[in-house]
Structure formats: structure tokens, C-alpha cells
Amino acid sequence: MDKDKIVGKPISRLEGKLKVTGAAKYAAEYEVENLLHAYVVNSPVTKGKIKSINIDKATALPGVITVLSHINRPKLAWFDLQYADMDAPPGTVFKPFYNDEILYNGQPIALVVAEDFETARYAATLVEFDFEEKPFETFLTDHTEQARPPKFGLATALKPPPPPPTGDFEQAYQDAAVKVESEYQHGTEHHNPMEMFATTTVYNGEGKLTIYDKTQGTINNQLFVANVFGLKYKNVRVLAPFVGGAFGSGLRPQYQLLLCAMAAIHLKRNVRLVLDRKQMFFFSHRPPTKQNLKFATDVNGRLTAMAHTALSETSSYEDYFESVASWSHKLYPAPNTLFEQKVVPLDVCTPLDMRAPGGSTALHAIECTMDELAYKLKIDPLELRLLNYSDTDPSAKKPYTSKALRACYLQAAERFGWKNRTPEPRSMTRGNKLVGYGMATGIWDALQFPSRVEAIINADGKLILNNAVTDIGTGTFTVMTQIAADELGLSIEDVDFRYGDSQKPFSMFQGGSAMTASTGVGIVVATKELKKKILKVARKMDNFPFAKSDDKDIIFEGGRIYLKADPEISISFKEIVAFNKGRNIKTTNMGKPHMLKLRNYSKATHSASFVEVEVDIELGNVTVTRAVTAVAAGKIINPKTAKSQIYGSMVWGISKALHEETIMDKKLGKYINTNLGEYHIPVHADIKDMDVIFAEEEDELINELGIKGVGEIGLVGMPAAISNAIFHATGKRINSLPIHFDELM
Amino acid sequence: MAKTILTVNGIRHELDLSPWVSLLDALRDRLLLTGTKKGCDHGQCGACTIICDDKRILSCLSLAVAKNGSEITTIEGLGDDDNLHPLQQAFIDHDAFQCGYCTPGQICSAVGMLKENRATTRDEVSELMSGNLCRCGANKGIIDAIMQVKDGGHYE
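Chains as they are written, first to last, in our numbering: chain A, 133 to 877; chain U, 13 to 168.
For the record, the hints were derived by calculation from the structure and aren't laboratory data. As the structure is a prediction and not an experimental result, all values here were calculated from the model. From the three backbone atoms N, C-alpha and C, an ideal C-beta is built for every residue, glycine too. Worth double-checking, as some hints may not be accurate.
Straight-line alpha carbon distances no greater than 30 angstroms define the calculated DSSO-like cross-link-like pairs of lysine-lysine that follow [to be verified]: (1) A:Lys149 / U:Lys15; (2) A:Lys410 / U:Lys67; (3) U:Lys127 / A:Lys157; (4) A:Lys864 / A:Lys141; (5) A:Lys668 / A:Lys713; (6) U:Lys67 / A:Lys149; (7) A:Lys283 / A:Lys426; (8) A:Lys820 / U:Lys127; (9) A:Lys665 / A:Lys713; (10) A:Lys157 / U:Lys15; (11) U:Lys127 / A:Lys400; (12) A:Lys157 / U:Lys79; (13) A:Lys820 / U:Lys79; (14) A:Lys864 / A:Lys462; (15) A:Lys410 / U:Lys79; (16) A:Lys283 / A:Lys400; (17) U:Lys15 / A:Lys189; (18) A:Lys508 / A:Lys551.
Derived Cβ-Cβ restraints for the label pairs, each shown as a range [as the list claims (entries may be wrong)]: (19) U:Thr133 / A:Leu751: 17 to 25 angstroms; (20) U:Ala14 / A:Lys864: 56 to 64 angstroms; (21) U:His54 / A:Gly195: 18 to 26 angstroms.
Full structure from sequences and hints, please.
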């Protein structure tokens, strides 16, 4: 009667049918009566003041209801703190329509509300402004002299500053047998999820709003709207059951939410606001960075000294910080180290975490520097990693809860055929293509947030779970159902996981590859308590057959309870709830990370990426023809959806290395390729053979489920693996991403 | 306003539309067929792909009035819960989507692409599907799903 475990099975996404039939509804798609449509007007000026606004032409247009701006907006909260969402960096938060100040190009400066979308869009072109323009600074490498340490605050608790220096870097570097110094530059990138940011606000009477929003955090946005407009938390409900990708852009409430709610409150009407693709470039991005690395080894290739300094962009009003300079010492045990990271405040909007923030930028530089060292030492690049392998975390001087990186290296190298590589650059060819093999390491955090879950057994004997978390395409709905099914011994058909709603128990925003562990542990804790409650009720039943047995000897399986010794005698959940007069049996509990136990450990996921590129000898264009990534991320709940996460992030790695960049016009202080025709991401024809391996990694320390998370780790190693493969193919080191074909001609 | 007749998924609709309403907005906002997605409104992403008079087109680049009299199939018309189109089933089986937002456009585009009968190899299929972007990076699953249906030969 032992039922197979559902955790570990490659189950297809439970919401699959809704997505392939078009029935899944996203934020802009809810049918709402008497709906008004809003359209944002963005600043064409990069810095300055709005001297005047003329809305006469716009409001004269039939169908236009109103034009809102800082001049006629309804009352807004005054304190910065009331705008500070859970992910707000230290500084003075940007408050849309608060005053006449323009802080960055593309800032929202007016909102047109009309009876239909087309009228709102047209009227937005008729709003006239008079600006006072001020000089601006928008280009990172032109203003490096303004670099300063970032301010730290609540939201940066998850992103610690680099560790303090160890040993004597300068002396060790000077004395070293072999050394490499390199500079790396990364440009701005924009998240560009396929669904554009959108909000539908339903006005439910005085002070009451139901909001369909595109977000990674329903509760984060609920609190934000309530705080900004002085509403009661319970009167603001934010729903996001389907989210068309986000990749970090939905970690903070974006301005379309605030403006849509503002219009609804002001007009006492239902309002929809959808950004257009150009406007998707006006609220957050991965910041440009400049990195300098100095690594040195002894004659045998053992690292003796590592220095990593980084500069990254932030806005003039908030200090966004992502860990760039912190990573190398978590991997490699050099005794002499120096790490430093500073920010450069510029007249741009505040950057925001974008898939593998900091890590994907840093590991590109670290792992290309390792490749350079391997060539100087005439050691195979994989050998160099194994030579400097550390089972513990040298930066924290703590053991890892688990670390199966060695298995990742070896399994991926084997699958890829790394041994067929001839080390000399330009030594491998295929027709008129140069062929290159490259490899790199990836490392990422294994985070867990507190998560509160309500677990209910209803009269049908089914398990219902409630939690406010979203599923942004990660597979959360499916894997949470799997975890819950196993915890209570049910089939997935008998589990109903309900999510994407701020009225449900607490969840942090969905980010940092943390959700499977966070919500999963919440489910474990709640279902454990639910079992106790079920038994407590059952023990009151007449002729309860297990009266003499301990709770721990009673097995939950197939919607029934029984003793192992005699599975024939059993009671169903249905019977127990019926005995409970048909009243649901329920509990709400908080799952939390084991902070105390984990204090003595470091925790991380690891990966190894191996890549083959072909570079056209005459044209220099690059194709990633093969890629194998092995990942060590603890227990994999669903190999099918987890693999998709890794494939997806490998595509992001290809994109970061070869395709995507937002181009800033220095003279105008604005981004100029604000559309998907000119902001390149890989198309189907760019994606060739890819393979994913999950290395076995049992972790009994990290959390109840042994989970570490898979959302970002697949991206981290890819850019360096591709850059190193391009060096192997061409003999050219290009340290600025993305790599363009003309640099290889 | 202009009277526009569109037959969508076998149902005839008479619409009174401003001439500047795109076919995409007519489907989403007027007929409430939100399965067809808006990803850029500029013909750059493919999310709004539908089948119009047997050809795959980008509904954001067509004015609805210009399609007066046309026969249109959207994702909602390809299959339903109990009777999925083979491509819809293959997309589920190959986990060919994550967030699901580009999915209806990918599937409609694949239906049109297979009907065109120009692609024989995987590389050709990838090339002819390259007008449909996927930001989640589900590219491998998408092409796997299409190849399975194509090789099975039951995509008509």
C-alpha cells in the first residue's frame, strides 16, 4: 500500500491547460464593468523641472475623462517611509507625481484617463509641457571619480558588502609567480518580461480596491498601495495568479500600480493601465558595472592572492547595491584577498535585481580571469578549478551545508566531452568556423524567507493550502502541490494550492531563487500541525481503532489514516471531518529558516557550465552550438520544471554574453534602443543543443526539505564559459559584454 | 466608426470600430478573447500571432477594419480543455512554456508555420519560428514540441 513519492517526479505544470488554451488571465485581462483606460506620459527630459503643463488639447478630445499630474493629483502620503516597499534600497524613494522635479529620462509625468485605450494613447501625445532642463550625468565610466561606498539599510541585509581583506594582498601579488590583471565592463540590461507591466484596479466603494497587478509580491504591493493612499490594509486586495514573467522587475511595486490606483480612487471608477514596450525601459534595470580583478598563483597554480573591485551604477535618490565583489572568496581559498565595491550615483532610475543580480556579472569576470590564469600556467582550465577547490567557504571560514560542485565539474565535463579539447587557441575548426570549448563555475545563494501557510482538510477529504506567493513561471504551483501531496500522503488531484492573492497568509516577494524552500517549508510546518489536529479530532470518535497507538505510529495515506501493522483498518479524512460536524479541520503556521543552526554554515548552490562555440572565420559571428550545465542545488522537487528553469537561465547566459544591451545616448541621457527589435534577446534560431545535469546533493542541514533553489544558478556560469570558448576559438579576450561580431573580425 | 465583420473561431461578429483599432485590441478589448497576447504592439515579439484566412499574422500590425470579412482562428479556437490541439498537448508534455505569456502566439505561429510546409529540419523550424520571442528561455521545449507534432504528421 506504500504510495510512490510525488516529490522528485517530472510532473507537467498543473496550470498547463490554462496556458496553452489562452484561458490563463494576466493583469490586463480581467473583464471589469465600465472600465476606463489610462496611458502614461513620460518625461523626454533627463533632469530638470516641469515649469508648466497644458492639458487643454488632451481634455478637449471626446472620450478623455481627465489628465492627472503633480499639479492636480489627489492627496498622497508625505513620508518617504510610506512609499518604502519591502525591497526599497536605502535613500529617498521615488514618488511619482509628487512634485515638479524630473530625476531621470522616462519618468512618468502625467496620466491620461479615457473611455477607451486608443483615445487615452492619442490624448497622451497632446499633453504639452514646458521644462526647465538641468545638466545631467548618466554614463558610469564618465563619472568614476564620484564612486563612494553604498549606504546600507534593511533591504541590503540580503546582500552583504564584500568581506574584509585577508593577509597582505599587495605583497602577495607583487611576489607571486604568475599573475593576471583584467578589467571587465557590463552595460545596462532591461528585464523585458513578455507581459508588459499592467494593473486593473476595481473600485469597490470608498477606500476599497481590488487590484489585478503584475508583480512578484502580492503582499508587498498591497501594503504599498494602502500606505501611499492611507487605506486600510484589509481594504486593499492585490491578485496576481498569472504573471507573464518578471525576472526581478516585479520585486518592487512599479509606478503603473500607483498611478492606476490613484486614477481609480480619484475618479471612483474601475481603471486599467498597461505600459507599452518603450515604457518597460523606464522603471528598472540591471546596472552597468566596471570591474577590476587581480589574481595570482604560485608556480603550481595555487591561488595566493585575489583582488576584486567593482563600481556599479545607482540612481541619484536610492542606493541600489548588488553583490559583485564578494563571490571569488566563496569559491577559491586564496590566503591574501582584497575586495571592494562602490556605487556611482547617476541621473537614471534606480536599478533593480535582474535574474542572478551581481553573481552573473561577477562570475563572468572571476571565471574569465581564472581562464587567463590557466593559459599563463599552461594548465587545463578544469584542472585549475579542481586544484583550487575548497570544500568549505574560505570567505566565512565555515563549512557549506553541502557542496557537490566537484561532481558538477566532472559529470558535465564527461557529458560535454571536454577531454577532446586541444588547448591552443584557434586549434579546432569545422569548415569555415573556428571552434572553441570553454568552461566556467557558477555559485549562487541558497535563501529562505519566512512563509505562512494555511492548511485545510475539507468535507470532501481534500487538502486546501493558502499562501500569498506568486508563480511567475517558475513552477511554484506545481512543486508546492507535490510537496503538500507527499506530506499528507495524498495524490496531487486531492491537493488544491491557492496562491497569488494578498488576502492569503504571508509570503515574501518571489525572488532570489528562494521560493521553493520558503513556501515549501511553510507547507511542511503547516501540514505537520494539520496531521496533529486531524488526529485530535479523530481520537474523539467512538470506537477510534487506534486509541492505544501513538500519533507517530499512525500513517497518513490515500486520504486515510491507519496503522502500519494493519492497513485494512482505516478511517478516511472524510469520515473524520463528518464527525467534526462537517466543519473543516485547519491550521495556519509559519515556516522559518533555521537561523541559529545555520549560523555555523555557509549555504550556496553551485554549477559548472561547459560550452562549445563556432565563430565564423570571416564574419566573426558566434553560435553557441552546445552547452552542458551541471547544477548542485539540493533536492530537486520536479526535474521537469527545474530543468526548464536551468535551460531558461542558460538562454539568459547566452543572451548576456552575446545579445542583450541597453544603449545609453550620452548626449541625451536616455536609452535609445527601447524596443524588442533593437534590444536583442536570443530567438529560437540562436538556441542549439543544450543539456542539464542535476548532481546528487543531499543536504540535511539547509531546511526540512533539503531544497536550495534553481531560478538563477543556471545563468551564473554561462557568460564566462561562452567568453572563454570564444577565446579558445579565436585567441581574442573580449572582456566587455555583450561580445559583438566586429570585435572578432 | 466603421462596421466590421469578423468570423472568429467560427462565430460571426459585427463590430462598430474606429478605423485605428488594431485587430489585436479588437480581439482582446472588444471580443474579450484575451488568449491573444500583447507583448510589444510593434510586430517585434510575435505574442499576438493569430491565424487569419489560413495564414499566421501579427494581429497588432493589422487594423481590424482592414480584415473585414476575414476568418480568424485564435488560441481559444484551436482546442479546448477536453480536446486539445496536438500542439497544445505537445507544449504541455515538453514543458514548452514557463510564464505562459508568449505561448498562445508560439502555438498559433507553429500551426501556421507547419501549414506553410517550408521547414523540413529542426534548424529550419527554429528559423521560421524566430519571430516569436520567449523571454523565459523555453526555446528548447518549444522546438521539441513542434518537432514532435511535425514528425507525427498530425498537425492539420
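Verification of the supplied hints:
Of the supplied pair hints, the one linking A:Lys149 and U:Lys15 is violated, its CA atoms being roughly 35 angstroms apart against a limit of 30 angstroms. Annotation: proposed proximity of A:Lys410 to U:Lys67 holds, straight-line Cα distance about 29 angstroms (limit 30 angstroms). A C-alpha spacing of about 29 angstroms is found between U:Lys127 and A:Lys157, which places the hinted pair at or below 30 angstroms, so the restraint holds. With a CA separation close to 44 angstroms, the supplied pair A:Lys864 and A:Lys141 exceeds the 30 angstroms bound.
Between the alpha carbons of A:Lys668 and A:Lys713 the distance comes to roughly 14 angstroms, so the proposed pair stays at or under 30 angstroms and holds. With a C-alpha separation of about 24 angstroms, the suggested pairing of U:Lys67 with A:Lys149 holds against the 30 angstroms cut-off. Under the criterion of a C-alpha separation no larger than 30 angstroms, the hint pairing A:Lys283 with A:Lys426 is consistent with the structure, at around 26 angstroms. Straight-line distance between C-alpha atoms of A:Lys820 and U:Lys127 comes to about 24 angstroms, which keeps the hinted pair within the 30 angstroms bound.
Using a Cα cut-off of 30 angstroms, the hinted pair A:Lys665 and A:Lys713 holds, with the two alpha carbons roughly 15 angstroms apart. Restraint check: the Cα-Cα separation between A:Lys157 and U:Lys15 comes to about 29 angstroms, which is no more than 30 angstroms; the hinted pair holds. A hinted pair counts as satisfied when its Cα atoms are at most 30 angstroms apart, and U:Lys127 with A:Lys400 does not qualify at roughly 49 angstroms. At roughly 26 angstroms between alpha-carbon atoms, A:Lys157 and U:Lys79 fall within 30 angstroms of each other, so this suggested pair holds.
Distance restraint check for A:Lys820 and U:Lys79: the Cα-Cα separation of roughly 37 angstroms exceeds the 30 angstroms cut-off, and the hinted pair is therefore not satisfied. Distance hint between A:Lys864 and A:Lys462 is fulfilled; the C-alpha atoms sit about 28 angstroms from each other, no more than 30 angstroms. Proposed proximity of A:Lys410 and U:Lys79 is supported: the alpha carbons are some 27 angstroms apart, at most 30 angstroms. A threshold of 30 angstroms between alpha carbons decides the hint, and for A:Lys283 with A:Lys400 the separation of about 40 angstroms lies outside it, so the pair is violated.
Only pairs whose Cα atoms come within 30 angstroms are accepted, and U:Lys15 paired with A:Lys189 is accepted, the gap being roughly 28 angstroms. Distance check on the hinted pair: A:Lys508 and A:Lys551 sit about 20 angstroms apart at the alpha-carbon level, within 30 angstroms; holds. The hint said 17 to 25 angstroms for the Cβ distance between U:Thr133 and A:Leu751, and at roughly 22 angstroms that hint holds. At about 58 angstroms, the beta-carbon gap between U:Ala14 and A:Lys864 stays in the expected band of 56 to 64 angstroms.
Checking the proposed 18 to 26 angstroms range against U:His54 and A:Gly195 shows it holds: the Cβ atoms sit about 24 angstroms from each other.
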